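Please arrange chain B on chain A, whose structure you already have, making use of the hints.
So the sequences go chain by chain: A and B. Taking numbering that gives the first Met the number 0, the leading residue of the first sequence gets 0, the next gets one more, and so forth. Taking numbering that gives the first Met the number 0, the leading residue of the second sequence gets 0, the next gets one more, and so forth.
No lab work stands behind these hints, which were simulated from the structure alone. The structure presented is a predicted model; accordingly, all values stated were derived computationally and were not measured. Please note: incorrect hints may appear among the correct ones.
Pairs count within a copy or across copies, as identical chains cannot be separated in the list.
[Unchecked claim] With a straight-line Cα cutoff of 20 Å, these simulated SDA-like cross-link-like pairs (lysine to any residue) come out:
#1 Lys172 / Asp272
#2 Lys345 / Gln327
#3 Lys172 / Gly244
#4 Lys172 / Leu271
#5 Lys418 / Ser176
The primary structure of each chain is shown beneath.
Protein chains: 2
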Amino acid sequence: MADALKIGIAGLGTVGASLVRIIQQRSNALAVACGRAITITAVSARDRNKDRGVDLSGITWFDDPVALAENADIDVFIELVGGADGAADKSVRAALARGVHVVTANKALLARHGVEFARLAEEKGLLINYEAAVAGGIPVIKAMRESLTGNNFSRVYGIMNGTCNYILTRMEKEGLSFEACLKEAQRLGYAEADPTFDIEGNDTAHKLAILTTLAFGSEIAADDIYLEGISNISIEDINAAAELGYRIKLLGVAQRTETGIEQRVHPTMVPLDSVIAQVDGVTNAVALESDILGELLMVGPGAGGNATASAVLGDITDIAKSRPGAQQVPVLGRPAALLEPYRQAKMKSHEGGYFIRLSVVDRAGVFASIATKMAENGISLESIVQRSQHTTADAPVTIVLVTHATMENAVRKAVSAIKHEGYLIGEPQVIRIERPKTA
Amino acid sequence: MADALKIGIAGLGTVGASLVRIIQQRSNALAVACGRAITITAVSARDRNKDRGVDLSGITWFDDPVALAENADIDVFIELVGGADGAADKSVRAALARGVHVVTANKALLARHGVEFARLAEEKGLLINYEAAVAGGIPVIKAMRESLTGNNFSRVYGIMNGTCNYILTRMEKEGLSFEACLKEAQRLGYAEADPTFDIEGNDTAHKLAILTTLAFGSEIAADDIYLEGISNISIEDINAAAELGYRIKLLGVAQRTETGIEQRVHPTMVPLDSVIAQVDGVTNAVALESDILGELLMVGPGAGGNATASAVLGDITDIAKSRPGAQQVPVLGRPAALLEPYRQAKMKSHEGGYFIRLSVVDRAGVFASIATKMAENGISLESIVQRSQHTTADAPVTIVLVTHATMENAVRKAVSAIKHEGYLIGEPQVIRIERPKTA
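Only chain A is shown next, with the shape it has when bound in the complex (with noise of 0.2 Å):
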């Protein structure tokens, strides 16, 4: 048997504590999956007597990540510390400079630092794994950089935050509103104190930005993504989607076009008899359309302790079933030096179809100024469906309208127009539609 493979996790919460219990629980295992052992040589993290419940004797421990990296005795350095700079930052480098391999769930640093990484890394033979950084335990960077090597993309998408899901998926089943739903999510541990992050589609936006590299063998432009959260979906929205046959979930969507790469986080109405539109709660799902194998979704947990230690272990055995610098995966699909530069797509020219709901006055002729606007835009509809509240003679009018593939720029215009009519009570809420490639 090879000699054991040394790592040190730099980060003991949730899951590197995990982490460090699987490993010491299943070691034998491990073993004989890897043919040689898995030994943690050392371990960091701020306070060195909190109770996480392993046991940390025999392992040197360190107050500094980036001491860790410098010096502990490894073969592979862990970085669960988290943060797109810093001390993960700074570490990594460490590790990369000394010739060592690296595994993060890091995905802010990655979506800022990647293509760096990726040189540094190529350079040296070095292998930079992170299956956790992207939708938790869905192996979505491994099928990307290795099963489906010679395809080439078109499409990828998915639900690739749990937050948004979970308050989204009790919305629509309870009849709740936005607020009272991300409470519940807060009280449950699913959302954090000030989760703009989540909601606002930033966390998306940063795995997004990952898969739109390997996708399309552009660098990482993670400040190029269109961003709109889930924060002013209304139960409105969710029971007019559902009546046309929709649900409303956030998507992360990274698509090939004429004009260039669109990457755009925002809330989208996906069919009801689709398969991701049954991904209900925390649960994630990454949608893959390319030209050779055709779509594959993968659904999975996206977050957690267990789960990201299970894709963190994945990344790891990996490296052990290899002889170090033996297996040449390139980092981010292609070798870093000949990444693409990042060619953007503009939200106007989207084409797509869209959903478009508007409180307006109950007068004659709104209608047919809203037809008419659309028409002179050259948007074609799919359905219109106007519903009055019949509580008083002058309660407003719903009207929803689902317009068949359009440019986003004539939906705009459109909008723009009807705003100037004076007719509209409040502000048109705009969903863009999505459908998978197969129903």
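Showing chain B alone in chain A's frame:
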């Protein structure tokens, strides 16, 4: 750049021809992704003169796949011949004996000889990759062999036969009979002229046997699988299932129980709102339940020249990315020498819910008699639906029972007791219910 990886392809049917075309058209992209070129140096097929729409000039032709495996200048032997014995078997043995890696899409071959092949390969440090053998383009082998290392599996199940899923989907959507849908599947090329192997579950069983070994570390036991096909599923079953909130799918299920491992292929009721219930037509799906990760579901194309070729290509590029002999992924998840004997759980000990549809004569006391037989066997019922057709005075009555979790043995006894009462018309229909871990 490293030397080109030289491959020989035995079998130029739909998959083989797709593979040749893709490798030739994408040679540059593949070389970039793998760090070395992939070169087809040899092919073999029965008829040299057939037009396959691919350019075979410069490639050494062999009439006999065994001769190719024995003599061609190759690093990897790609077996696309088919069949559990004969040329497929002989050529794989010849390749391994020479020290050549093997890629195969042949589930029947692996179901019969997989353990022996794994032993031969591991003795020589060779790889056998076989992603395409189970669920076509879905990367389930990679997920189990590489991503989920360290996980203990509890259950693995899936829709692994497109023909059956196509037939069941059309029956439900269009209210057609099994026979009508089978004919349509044959017309469209989704079913063979002799469809027995697909519709009676043998094809699913071969795939399941491989997954069982990867999940539970036991030797492949393809002959010890409980088999029940879909040919006696009627439109009445499908309608009754829908009414009770279920859909019928042909599943292969491998499950660890207290008395051993269950391997079973049978029509199965899955909850209508589960993700797997939405998997329609020829699409396949595989669910992996394990203790660290939780539940992972993968949905994708289970057959077709391109999708299968994509999986084969992924297997080839994995070998291209590793230096020959350097990677140590055990063929069956753990070294063949460490596989355990298969310990079969008896079907009569299977625990689960059951759907039972009975056609009975319309006579006082029948309903009470059925309820009594169930109670006498300790079976508690989740729901009972009785429906008279009222077409004529003595028209049969349909009774549908759904049980809570119970033992198969109890169900068999109860049904047998009911049969002895003399009021049944025709055979009772019994269909097992399978529930995903997360709904």
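Against the structure, the hints:
1. Lys172 / Asp272: Answer is both: 16 Å inside a copy and 13 Å across each meet the 20 Å cutoff.
2. Lys345 / Gln327: Result: close neither inside a copy nor across copies, 35 Å intra and 46 Å inter.
3. Lys172 / Gly244: both (15 Å within a copy, 17 Å between copies)
4. Lys172 / Leu271: both (14 Å within a copy, 16 Å between copies)
5. Lys418 / Ser176: Neither: 26 Å inside a chain and 54 Å across chains, both beyond 20 Å.
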